[in-house]
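J.: Counting along the sequence shown from 1, when you hit position 139 you're at 139 in the numbering used here, and nothing is skipped either side.
Hints in this document: simulated from the structure, not taken from any laboratory. Keep in mind it's a predicted model, so treat the numbers as computed, not measured. Treat each hint with caution, since some may be false.
[Stated by the list, open to error] List of simulated lysine to any residue pairs, SDA-like, C-alpha gap at most 25 Å:
1) 343 <-> 331
2) 377 <-> 274
3) 208 <-> 232
4) 343 <-> 330
5) 377 <-> 240
6) 285 <-> 32
7) 377 <-> 281
8) 157 <-> 206
9) 313 <-> 45
10) 343 <-> 326
11) 208 <-> 194
12) 381 <-> 263
13) 313 <-> 54
14) 322 <-> 120
15) 346 <-> 108
16) 381 <-> 258
17) 208 <-> 188
18) 346 <-> 312
19) 256 <-> 376
20) 183 <-> 351
21) 256 <-> 281
22) 322 <-> 346
23) 335 <-> 371
24) 363 <-> 373
25) 335 <-> 346
26) 285 <-> 48
27) 343 <-> 311
28) 322 <-> 311
29) 377 <-> 279
30) 256 <-> 240
31) 285 <-> 45
32) 285 <-> 44
33) 343 <-> 279
34) 52 <-> 84
35) 363 <-> 26
36) 256 <-> 287
37) 322 <-> 108
[Claimed, not checked] Distance ranges between label pairs, derived from CB positions:
38) 84 <-> 127: 19 to 25 Å
39) 326 <-> 362: 41 to 47 Å
40) 28 <-> 55: 34 to 40 Å
For glycine and all other residues, C-beta sits at the position ideal for the given N, C-alpha and C.
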Amino acid sequence: MPLVQHRAEAQGRTVNVGVVLPLSGANAQFGINSRNGIQLVADEINAAGGIKGLGGARLNLVIADSTSTPTTAANVAQRLVTQNDVVAILGAFASSLTIAISEVTERRGVPLLTMSFSDQITGRGFENIFQVVAKASVIGKAQFDGTLAVAQAAGQKLERVAIMYEDTAYGTSQATGLRDGAKAAGVQIVMDDAYPLGITDVTPLINKLRASGAQAVFPVSYLNDSLQIIRSMRQQRIDIPAIGGAAGYVIPDFEKGLGEHAEGVLSISPANYDLAPDLTERFRKRFGYFMVHEALEHAVCLDVLVQAIEQAKSTQADALRKALHDTRFEGGWAKAMTGGAVKFDKSGLNTLSVPVMVQWRNKELVTVWPSDVARTKAVWKV
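Could you put together the complete structure from these sequences and hints?
T.: Put into structure tokens, the structure is as follows:
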């Protein structure tokens, strides 16, 4: 796939940062959102004088389209490393793509910063991977725990729930967390079904959901499947709460595709724009829509990388790796994360990331759980 370089206009040294995202195919909107977040931060850093620890060096983003295919993602990552002298790579939204890229970056000793969820990402003992969000099993358990709290606050007792998830690294990892949450709470899972990525007919899933007797459903989906699931539920008058697994449930296209059916839908999310409006409103002003979580977290990835370069005063891989592992990143865009900072453990996982529950209200996503960060109370809507 072609590589696109966004070069700074200023003369002098540039630092090449690779960006691998699905800019075409089924997950293109997520990739575009992510690119926008990265571009915003790069432009702001360059406008403020560049990387001061390197004498004002400018950031140069080398952007590659992974499509939605792991093989393509690995191939373009290889080209970035061997042909474009990148100091690090950011990407690639979808966990299956990120896992493929990480095999390349680990072999080549190049840091990879990601907001992908899968437990596999930081679960393989790799030294060059840095995951700014909580892993999927933690997000899945929070998806359940937050729902339980919202239901209890509304005077509802959950006894039977359904899980449906796409069968890639993201969906399967997050479903594990949902099962853990249900087991710990003594709640029966009456439906637990995987479905293929790119599904075009959700009728069998919805029919099974109707027959299951579930009081709530946890779908873990990208965009097209999330639209199909919620639309089919509402058309068939299956009026139980749906609590999404982030991804397709927390972008403007979800509300645009469903209209009134989106109102009141809950979802877990690794972060939300309403928790850091002083930062995220800059994105809305530039791009015309709220800063979705993948844009925010990719912005954090780039900002943390630059802070690490400033700390190391070097772009050498060993120095960068040490700075990323040793530093608690508290300034800049790291403040937008739910923990208010970023700190990677030995595996490369950000130990401070805490998932939040959001709800669609009047075409916006509002944080409703946990209570210490909630912007309003959740509505248990059917």
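J.: A separate judgement is required for each hint: does it hold in the structure or not?
T.: So, going through the hints one by one against the coordinates:
Straight-line distance between C-alpha atoms of residue 343 and residue 331 comes to about 12 Å, which keeps the hinted pair within the 25 Å bound. Of the pairs offered as hints, the one joining residue 377 and residue 274 holds, with about 14 Å between alpha carbons and a cut-off of 25 Å not exceeded. This hinted pair checks out: residue 208 and residue 232 have alpha carbons roughly 12 Å apart, not beyond 25 Å. Taken as a hint, the residue 343 and residue 330 pair is honoured in the structure, with Cα atoms around 9 Å apart against an allowance of 25 Å.
Note on residue 377 and residue 240: the hinted pairing holds, with a Cα-Cα distance of about 19 Å set against a maximum of 25 Å. Distance check on the hinted pair: residue 285 and residue 32 sit about 16 Å apart at the alpha-carbon level, within 25 Å; holds. Straight-line distance between C-alpha atoms of residue 377 and residue 281 comes to about 23 Å, which keeps the hinted pair within the 25 Å bound. In summary, the hint linking residue 157 to residue 206 is supported, as the alpha carbons are separated by about 23 Å, within the 25 Å threshold.
The straight-line distance between the Cα atoms of residue 313 and residue 45 is roughly 16 Å, inside the 25 Å bound, and the hint therefore holds. Taking the CA atoms of residue 343 and residue 326, the gap is about 8 Å. The hint holds against a cut of 25 Å. Taking the CA atoms of residue 208 and residue 194, the gap is about 12 Å. The hint holds against a cut of 25 Å. With a C-alpha separation of about 9 Å, the suggested pair residue 381 and residue 263 falls inside the 25 Å cut-off, and the hint holds.
For the proposed pair residue 313 and residue 54, the alpha carbon gap of about 6 Å is at most 25 Å, so the pair holds. A threshold of 25 Å between alpha carbons decides the hint, and for residue 322 with residue 120 the separation of about 22 Å falls inside it, so the pair holds. A threshold of 25 Å between alpha carbons decides the hint, and for residue 346 with residue 108 the separation of about 19 Å falls inside it, so the pair holds. Under the criterion of a C-alpha separation no larger than 25 Å, the hint pairing residue 381 with residue 258 is consistent with the structure, at around 16 Å.
Our distance criterion of 25 Å between C-alpha atoms is met by residue 208 and residue 188, whose separation comes to about 16 Å. In summary, the hint linking residue 346 to residue 312 is supported, as the alpha carbons are separated by about 18 Å, within the 25 Å threshold. Restraint check for residue 256 and residue 376: the C-alpha separation of about 23 Å stays at or below 25 Å, so the hint holds. Simply put, residue 183 and residue 351 have alpha-carbon atoms about 24 Å apart, close enough for the 25 Å limit, and the pair holds.
Under the criterion of a C-alpha separation no larger than 25 Å, the hint pairing residue 256 with residue 281 is consistent with the structure, at around 20 Å. Of the supplied pair hints, the one linking residue 322 and residue 346 holds, its CA atoms being roughly 10 Å apart against a limit of 25 Å. For the hint pairing residue 335 with residue 371, the CA-to-CA distance comes to about 19 Å; that is within 25 Å, so the pair holds. Restraint check: the Cα-Cα separation between residue 363 and residue 373 comes to about 20 Å, which is no more than 25 Å; the hinted pair holds.
Distance restraint check for residue 335 and residue 346: the Cα-Cα separation of roughly 21 Å lies within the 25 Å cut-off, and the hinted pair is therefore satisfied. Of the pairs offered as hints, the one joining residue 285 and residue 48 holds, with about 19 Å between alpha carbons and a cut-off of 25 Å not exceeded. Distance hint between residue 343 and residue 311 is fulfilled; the C-alpha atoms sit about 14 Å from each other, no more than 25 Å. Taking the CA atoms of residue 322 and residue 311, the gap is about 10 Å. The hint holds against a cut of 25 Å.
At roughly 24 Å between alpha-carbon atoms, residue 377 and residue 279 fall within 25 Å of each other, so this suggested pair holds. For the suggested pair residue 256 and residue 240, the alpha carbons sit about 21 Å apart, so the restraint of at most 25 Å is met. Between residue 285 and residue 45, the direct Cα distance comes to roughly 17 Å. Compliance with the 25 Å bound is thereby established for this hinted pair. Under the criterion of a C-alpha separation no larger than 25 Å, the hint pairing residue 285 with residue 44 is consistent with the structure, at around 14 Å.
A threshold of 25 Å between alpha carbons decides the hint, and for residue 343 with residue 279 the separation of about 20 Å falls inside it, so the pair holds. A hinted pair counts as satisfied when its Cα atoms are at most 25 Å apart, and residue 52 with residue 84 qualifies at roughly 22 Å. With a C-alpha separation of about 23 Å, the suggested pairing of residue 363 with residue 26 holds against the 25 Å cut-off. In summary, the hint linking residue 256 to residue 287 is supported, as the alpha carbons are separated by about 16 Å, within the 25 Å threshold.
Distance check on the hinted pair: residue 322 and residue 108 sit about 16 Å apart at the alpha-carbon level, within 25 Å; holds. Here the CB-CB span from residue 84 to residue 127 is close to 22 Å, well matched to the stated 19 to 25 Å. Roughly 44 Å separates the CB atoms of residue 326 and residue 362, a value that falls within the hinted 41 to 47 Å. Between residue 28 and residue 55 the beta carbons are some 37 Å apart, a value that agrees with the proposed interval 34 to 40 Å.
In this structure, every one of the numbered hints holds.
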